[in-house]
Amino acid sequence: MTRSSTERADTTAGIGGSPIRPDGALKVKGEFAYSSDLWAEDMLWGATLRSPHPHARITAVRIGKALALPGVHAVLTHDDVPGRNRFGLEHADQPVLAEDVVRYQGEPVAVVAADHPETARRAAALIEVDYDVLDPVTDPETALADGTPALHPDGNLVRHVRIRRGDPEPAAPVVVTGEYTVGMQDQAFLGPESGMAVPAEDGGVDLYVATQWLHVDQRQIAESLGVPQEKVRITLAGVGGAFGAREDLSMQVHACMLAMHTGKPVKFVYGREESFFGHVHRHPAVMRYEHGATEDGRLVYVRARILLDGGAYASTTSAVVGNAATLGVGPYEVPNAHVDAFGLYTNNPPCGAMRGFGAVQACFGYESQMDKLAAALGMDPVDLRVRNAVREGSTMPTGQVIDSAAPVAELLRLVRDKPMPAPVGDAEGVADPRELPGGVSNTTRGEGVRRGVGYGVGIKNVAFSEGFDDYSTARVRLEVIGGEPVVSVHTAAAEVGQGLVTLQAQIARTELGVHQVTILPADTAVGSAGSSSASRQSYVTGGAVKAACEAVRAEVLAIAADVLPAGGELYLNGGKVIASTGEAVADVAALLGDRVVEHTVEWRHRPTQPLDPATGQGNAHVQYAFAAHRAVVDVDTELGLVRVVELACAQDVGRALNPQAVVGQIQGGSAQGLGLAVMEEIQVVGGKVVNPSFTDYLIPTILDMPPMPIDVLELADPHAPYGLRGVGEPPTISATPAIVAAVRAATGAALTRIPIRPEHVVFTTVEDGGHSS
Amino acid sequence: MRVNIEVNGEQRVADTVWEGESLLYVLRERLGLPGSKNACEQGECGSCTVYLDDVAVCACLVAAGQAEGRSVRTVEGLADGDRLDPMQQAFVEAGAVQCGFCTPGLIVAAHDLVRRNPRPSDLEIRESLAGNLCRCTGYEKILDAVRLAAERMGASGGTA
Chain A
1 MTRSSTERAD
11 TTAGIGGSPI
21 RPDGALKVKG
31 EFAYSSDLWA
41 EDMLWGATLR
51 SPHPHARITA
61 VRIGKALALP
71 GVHAVLTHDD
81 VPGRNRFGLE
91 HADQPVLAED
101 VVRYQGEPVA
111 VVAADHPETA
121 RRAAALIEVD
131 YDVLDPVTDP
141 ETALADGTPA
151 LHPDGNLVRH
161 VRIRRGDPEP
171 AAPVVVTGEY
181 TVGMQDQAFL
191 GPESGMAVPA
201 EDGGVDLYVA
211 TQWLHVDQRQ
221 IAESLGVPQE
231 KVRITLAGVG
241 GAFGAREDLS
251 MQVHACMLAM
261 HTGKPVKFVY
271 GREESFFGHV
281 HRHPAVMRYE
291 HGATEDGRLV
301 YVRARILLDG
311 GAYASTTSAV
321 VGNAATLGVG
331 PYEVPNAHVD
341 AFGLYTNNPP
351 CGAMRGFGAV
361 QACFGYESQM
371 DKLAAALGMD
381 PVDLRVRNAV
391 REGSTMPTGQ
401 VIDSAAPVAE
411 LLRLVRDKPM
421 PAPVGDAEGV
431 ADPRELPGGV
441 SNTTRGEGVR
451 RGVGYGVGIK
461 NVAFSEGFDD
471 YSTARVRLEV
481 IGGEPVVSVH
491 TAAAEVGQGL
501 VTLQAQIART
511 ELGVHQVTIL
521 PADTAVGSAG
531 SSSASRQSYV
541 TGGAVKAACE
551 AVRAEVLAIA
561 ADVLPAGGEL
571 YLNGGKVIAS
581 TGEAVADVAA
591 LLGDRVVEHT
601 VEWRHRPTQP
611 LDPATGQGNA
621 HVQYAFAAHR
631 AVVDVDTELG
641 LVRVVELACA
651 QDVGRALNPQ
661 AVVGQIQGGS
671 AQGLGLAVME
681 EIQVVGGKVV
691 NPSFTDYLIP
701 TILDMPPMPI
711 DVLELADPHA
721 PYGLRGVGEP
731 PTISATPAIV
741 AAVRAATGAA
751 LTRIPIRPEH
761 VVFTTVEDGG
771 HSS
Chain B
1 MRVNIEVNGE
11 QRVADTVWEG
21 ESLLYVLRER
31 LGLPGSKNAC
41 EQGECGSCTV
51 YLDDVAVCAC
61 LVAAGQAEGR
71 SVRTVEGLAD
81 GDRLDPMQQA
91 FVEAGAVQCG
101 FCTPGLIVAA
111 HDLVRRNPRP
121 SDLEIRESLA
131 GNLCRCTGYE
141 KILDAVRLAA
151 ERMGASGGTA
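Residue numbers (the UniProt record's numbering), protein chains in the order written: chain A, 1 to 773; chain B, 1 to 160.
If you're looking for bench data, these hints aren't it; they were derived computationally from the structure.
Be a bit skeptical, because a hint or two may be false.
Said to hold, decoys possible - Quick list of the computed label-pair ranges, beta carbon to beta carbon:
hint, chain 1, residue 1, chain 2, residue 2, range
1, B, Q42, A, E141, 30 to 40 Å
2, A, R413, B, E151, 27 to 37 Å
3, A, S441, B, M1, 34 to 44 Å
4, B, N4, A, S441, 18 to 28 Å
5, B, R119, A, E392, 47 to 57 Å
6, A, T59, B, E6, 51 to 61 Å
7, B, E10, A, L520, 45 to 55 Å
8, B, R119, A, A33, 33 to 43 Å
Quantities reported herein were computed from a predicted structural model and do not represent experimental measurements.
Note that beta-carbon positions come from the ideal geometry of N, C-alpha and C, so glycine has one too.
Using the sequences and the hints given, assemble the complete structure.
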């Protein structure tokens, strides 16, 4: 990293600052146009008919009554899909509209366009579908077993990743085993799936939609519409959160089909219940771990078997399995590792990307094991983790050597050494009910409440792995407008709330020394930016914007060198060309006149390699990121109610390009980890979701969230732009096991399943190693 | 049916309203005020919080007909032109806005809190805003924003 050559510009609001977000004023005034806010003259509303069954054969679909309803303009089924009736991020295995078989409850069967959303919904309800209901496969272990009917032509196994390192039959004096279960978490973004498709005169379509990756949508939509890619033009509409749930298609093809069929703009807005069926979820997992260690607490080996339920369609299951396997032993030095991770098809809801992406599930397993091992050794759980922590130069179970900072031990010490929160209540021990487990339900006055402290640390890969050609494209233009130099930055990168628009402008200001920067709307008129996922956009799109700015700067300085006396290096700052003496030698506006300097750069991070299929060896990841949490909880041991009192986090971000946004990511990510620990689960019974609403699927409120003190380390990664390290996912990974460990510490309960339910705390069994109060 | 509502100080009329439509639907789809957000349609998330005759309500739970002849103030009615309300300004400055979908409802709810209770404690802020879900921030910076706005409004004698 060379801070000197590229960062001499001291223009305010450059990198390292926390300028006001450019979309902030619009958002607080209610004027920011989200995908659900779109409106067009003469537009129609779309609605989707979904399968009520998790597994069934369709024998007939009759649309007559729906079509006859006044106000209905179109009713379309799979027969009307103009191109390929399949889509999917890694395997095109999912129908746009079901043909002969439905494989999950909520699978789209038909779509309607009408002049009022209620008319569209009623028309969808009038479509008659005859189903032969089939037995659903609802358990991934069953899906894997011989003799289970195959749900897809290639069988039920989506992917099996093997990691084999060191001695295949290692032995150790101290061994702990455990089986751990992770429930199905939902991203629960607040802005439901929505968008509007507008038919174009050239036979194509313009789509305004909330998504994470415009170009992967474009490719899939064009294939299903049977039109060339350039006939599908996508503009990012305002995105109400994403967290992985917008990586797969939802209403995109449906809206385009209806718009092209009716010749009118068609808008879809899912309701909350439909949203639970409209996107993929976090993979539930069943994990078996065995850890062997020396008596002084050095890990000798880890064996793990991780089963991930991918649900009805593959989505990103393959990559999730890759993460769970390669990160499956955590941020620890393990000389002998034997990991098998499987992703399976079932008739449960499809699972795919959610913040943490395979690393979340594994972290609950290995961190639970580290606590169990510490107990078996009689060691402090932080000391055990520190003793085995990876550092720069450590070798991962894939054989990959960590080639930049890995301050795992330091992060753990930072959270351990923070002052402890005070006990609740006044000097007499009388507490406000809002500070006690159960809160304003007033379920305790403090009797039976015990405090516990727990720790967790996690590891995540940043950006796309395993040899994927991962790049972003940025077009940067410098011109003089109204006598002032102005920069515009154009990418297709999706701002999903994380603050990427702010960051792109910060980079342009720093690199070009110009204050006025405009971020153009993200659309497919410029090349792909890749996905806003995998904590990758600051790195990859940030890298692309930086590189495009460097190209613009080089041209401006070449122009300057032509007209200025020779000598010394030049740079840009405050709208001026500055000599190495620090003297302003030219005005950029005067130098350029009407000349426009524009460069488009496609930028890639270092290449990664695929994993060896037999041994899982390979340099599969471009960068690792780490966070550690300390959780303090109060537990009502009689009712099993948990209140998280404080959730402290320390994370290395390489370099905080926008410190306010970094802390916001860490706190928001930690909150989603808290949700998985104590409340959030899509409950699936016989393949059917029983709680698809915010009444029954609970996400943390402001009363559930504790204060979150944050320590940010900035240990630069020399391979990354500005030394940055991806931020978004690590805090979601380690928050969960830290909270569970704290509840175990308070209660002695074994707690092998998340989210923790009250009965797990109260009715724990002695043989689980828990208490029985 | 026809519904007459005073919205942000202006008399508005919505025609051909279906009886099942909510106040939220009429505001968003018939009166051109999409600032109030629809995220759950059952009063769980608070994203559609508006003032109805000066009482903060979830507009998704109010039938359009119930608003007949009444006065509504939405998030669009808080700023004075380009001058943000202190609560809006504080949300932007404190980093309380990420995706921003919960923001309009939270701002109206927090605006209402500080109007009723100019110096709320942290516990009072938490209790008052417990009906407004945010998925991005973990709420820490929302607390910062409400504290900042309350402090500024207290110092300047408050705003309506």
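Taking the hints in turn, this is what the structure says about them:
About 36 Å separates the C-beta atoms of B:Q42 and A:E141, a value consistent with the hinted range of 30 to 40 Å. The hint said 27 to 37 Å for the Cβ distance between A:R413 and B:E151, and at roughly 35 Å that hint holds. A hinted range of 34 to 44 Å for the beta carbons of A:S441 and B:M1 is consistent with their spacing of about 41 Å. Distance hint for B:N4 and A:S441: a CB-CB separation of about 41 Å, inconsistent with the stated range 18 to 28 Å.
One distance hint, 47 to 57 Å for the beta-carbon pair B:R119 and A:E392, holds here, with the actual separation near 49 Å. For the pair A:T59 and B:E6, the beta carbons lie near 55 Å from each other, so the given range of 51 to 61 Å is met. Separation of B:E10 from A:L520 is about 34 Å and departs from the stated range, judged on CB atoms against 45 to 55 Å. A hinted range of 33 to 43 Å holds for the C-beta pair B:R119 and A:A33, which are about 36 Å apart.
Checked against the numbered hints given earlier, this structure breaks hints 4, 7; the rest are met.
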